[in-house]
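Chemist: In terms of our numbering, the sequence shown opens at residue 94 and continues consecutively.
Keep in mind that the hints were calculated from the coordinates and are not lab data.
Among the hints, a few may not be true.
[Claimed, not checked] Ranges between beta-carbon positions, derived for each pair:
hint: 1; residue 1: Val370; residue 2: Ala486; range: 16 to 24 Å
hint: 2; residue 1: Pro574; residue 2: Gly597; range: 13 to 21 Å
hint: 3; residue 1: His178; residue 2: Leu157; range: 33 to 41 Å
hint: 4; residue 1: Arg164; residue 2: Val523; range: 47 to 55 Å
hint: 5; residue 1: Thr161; residue 2: Thr189; range: 27 to 35 Å
hint: 6; residue 1: Asn615; residue 2: Gln416; range: 28 to 36 Å
hint: 7; residue 1: Lys166; residue 2: Thr431; range: 29 to 37 Å
hint: 8; residue 1: Leu542; residue 2: Phe429; range: 45 to 53 Å
For each residue, glycine too, the CB sits at the ideal point set by N, CA and C.
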Amino acid sequence: MSLRISRESLPVLLLGVVFVLASILMPKTWHIEAVIPVGSVSSPEKNLIIARICCLLDGIWCLLIALTAWRWKRLSAASLIEPKHIEGNEIVSRKTASLILIAASVLGLILRLISLDSSFWLDEITPLTFYRDTSVFGLLTTYFSTNNHLLYTLLEKVAVTMFGEQEWAVRLPSVLFGVATVPIMYILTRTIAPRWISLSTALLTAVNYQLIFFSQNARGYTGHLFFTLAATLFLVRGLKKDKFVHWCLYCACMFFNLASIIASLSALIAHFVIGTVAAIVVQKRSGGGWALFRRIGCVTFLALLMVLHLYSIIFPQAYAVVQDTYHVQSTGFTLFSTEFLNELIRGFKFSNNPLILAAAIPGIAVVVAGVCALYRCSWVMLAALGLPEIFLALYLLKLGLSVSPRFFLLALPFALIVGALGLYDLVKRVLLKINQPKLLTPTFSLGILCVALVSVPTLLQYYKIPKQDFRGAVLYLREKPEKIYPLSLYTAREGFGYYANKNGMRLDNDYFDGRTLEKIDNVLKQHRLDQFYVVTTFPRALHLDHPELEALVEKHWVVDRVFPGSIGDGDITVWKPRK
Numbered sequence: 094m095s096l097r098i099s100r101e102s103l104p105v106l107l108l109g110v111v112f113v114l115a116s117i118l119m120p121k122t123w124h125i126e127a128v129i130p131v132g133s134v135s136s137p138e139k140n141l142i143i144a145r146i147c148c149l150l151d152g153i154w155c156l157l158i159a160l161t162a163w164r165w166k167r168l169s170a171a172s173l174i175e176p177k178h179i180e181g182n183e184i185v186s187r188k189t190a191s192l193i194l195i196a197a198s199v200l201g202l203i204l205r206l207i208s209l210d211s212s213f214w215l216d217e218i219t220p221l222t223f224y225r226d227t228s229v230f231g232l233l234t235t236y237f238s239t240n241n242h243l244l245y246t247l248l249e250k251v252a253v254t255m256f257g258e259q260e261w262a263v264r265l266p267s268v269l270f271g272v273a274t275v276p277i278m279y280i281l282t283r284t285i286a287p288r289w290i291s292l293s294t295a296l297l298t299a300v301n302y303q304l305i306f307f308s309q310n311a312r313g314y315t316g317h318l319f320f321t322l323a324a325t326l327f328l329v330r331g332l333k334k335d336k337f338v339h340w341c342l343y344c345a346c347m348f349f350n351l352a353s354i355i356a357s358l359s360a361l362i363a364h365f366v367i368g369t370v371a372a373i374v375v376q377k378r379s380g381g382g383w384a385l386f387r388r389i390g391c392v393t394f395l396a397l398l399m400v401l402h403l404y405s406i407i408f409p410q411a412y413a414v415v416q417d418t419y420h421v422q423s424t425g426f427t428l429f430s431t432e433f434l435n436e437l438i439r440g441f442k443f444s445n446n447p448l449i450l451a452a453a454i455p456g457i458a459v460v461v462a463g464v465c466a467l468y469r470c471s472w473v474m475l476a477a478l479g480l481p482e483i484f485l486a487l488y489l490l491k492l493g494l495s496v497s498p499r500f501f502l503l504a505l506p507f508a509l510i511v512g513a514l515g516l517y518d519l520v521k522r523v524l525l526k527i528n529q530p531k532l533l534t535p536t537f538s539l540g541i542l543c544v545a546l547v548s549v550p551t552l553l554q555y556y557k558i559p560k561q562d563f564r565g566a567v568l569y570l571r572e573k574p575e576k577i578y579p580l581s582l583y584t585a586r587e588g589f590g591y592y593a594n595k596n597g598m599r600l601d602n603d604y605f606d607g608r609t610l611e612k613i614d615n616v617l618k619q620h621r622l623d624q625f626y627v628v629t630t631f632p633r634a635l636h637l638d639h640p641e642l643e644a645l646v647e648k649h650w651v652v653d654r655v656f657p658g659s660i661g662d663g664d665i666t667v668w669k670p671r672k
């Protein structure tokens, strides 16, 4: 390319010069607003290295665009990947499909609003209390907890400012992302399937227990899910049509995806690998693969650059905190372990529904058929939904970090799409063999309805039980007729203290907490031991991290009452003194 500067390119050239100068002249120190000191957090001087590199890359990018007078030019059809469409009649009109999709979204909203004001659990409380008084600047420049899902924390601050610090308000952004996932599932499935099959995935998304569970969790998981699915949609469309708007929307979705959860970087890496493979396929087919690879490379670089800007100051801190947190055994499980498997299937055992076990064997056949069907239609979509989870698992295994099922949340919509396609494929094959093709629509619809109804008993049980009933435990102990002093231990401290303060109880006066044996010994000296009621939760973490506290509790106290929680291992146990 020849170097030439047009009048239109002059502003871009000047912008590039500004970025380069900014990277050179950026001060060596920066005001980092810290709220809670963390020993592993790196210094501000080191944090600014990435910020300098980002500005330099911005400048180089702008200078190249200006000096080469680059303009967007769509690739030829021969250089693109066209997904196939499942054969079948469109039995649902566009208008009818729109009405059904709206109804499914409203149903999803209603199911996500029920019991939304139930008690917070620990991981909802800690970011709320840690970042309650932190400015937006401080939020963007400090990272001292893996519970800080950046985008969600910002949206949470907005919701609390507008509606007050109430449970439903804090969870509202997660609810909205969860509801928005219903239509995005329809649109994504619609790229390869007829409307009525696409509506089935939307309906299953609306009523799925696990997705409702995460939609009522004040964390960034539903945002991560929504933006990953949206990015996958625009990746498929970009490789199909190469429209400028599709790639811009892809970069935006990937940016917000990583703003939701840093682990979403596995999706960006997976999508780049998919684009590279697509370029190789195109090169062998028509010889236009190099142009497609350049496009994928530029789009990935731009998305990554945007993310680096967001995390440029806090990335070294975040990396150190993640390493410190997930090297602790109690924060998760070993990936290939019985404990992890039990936790993975715990949600399906929540209602003790025998239908789940009865459907296991035919379910495997449906999944296999669905994966094959999705591969035939769009291997790009199959890889875009599956590879991120594989890459994330390999990364966690390599570093020996603890894992939790929530890390692999993308497997849920992937399973719903695969399940719908597999059910359709199997039903169609069976009915064609018995020469009854007219029964395809009612049989498939009945099957989807049965799958949707499986969530009903599970949801009915779920709505009755908070994720962690800290509020119930506080009220129970507060209403004790005799004079007692609640003592919350280890992981129960933050949650119990939050609701105790909201109910007018004062720390070290009306209630106490303790993390170490020394602290608890000092507390017990202030009053008689038989006046203390102990509060614990997450017994696995207590056993692994502080067995001495576990032994102390079992020696002097006995279980008084257990407040069940829908979070695994999250029951709140109140212990009374032994007589």
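Chemist: Does each hint fit the structure? Answer for all of them.
Modeler: Verification of the hints:
{"no.": "1", "hint": "Val370 - Ala486: 16 to 24 Å", "result": "holds, 20 Å"}
{"no.": "2", "hint": "Pro574 - Gly597: 13 to 21 Å", "result": "holds, 18 Å"}
{"no.": "3", "hint": "His178 - Leu157: 33 to 41 Å", "result": "holds, 39 Å"}
{"no.": "4", "hint": "Arg164 - Val523: 47 to 55 Å", "result": "holds, 54 Å"}
{"no.": "5", "hint": "Thr161 - Thr189: 27 to 35 Å", "result": "violated, 50 Å"}
{"no.": "6", "hint": "Asn615 - Gln416: 28 to 36 Å", "result": "holds, 32 Å"}
{"no.": "7", "hint": "Lys166 - Thr431: 29 to 37 Å", "result": "violated, 55 Å"}
{"no.": "8", "hint": "Leu542 - Phe429: 45 to 53 Å", "result": "violated, 36 Å"}
The structure fails hints 5, 7, 8 (numbered hints given earlier, in ascending order).
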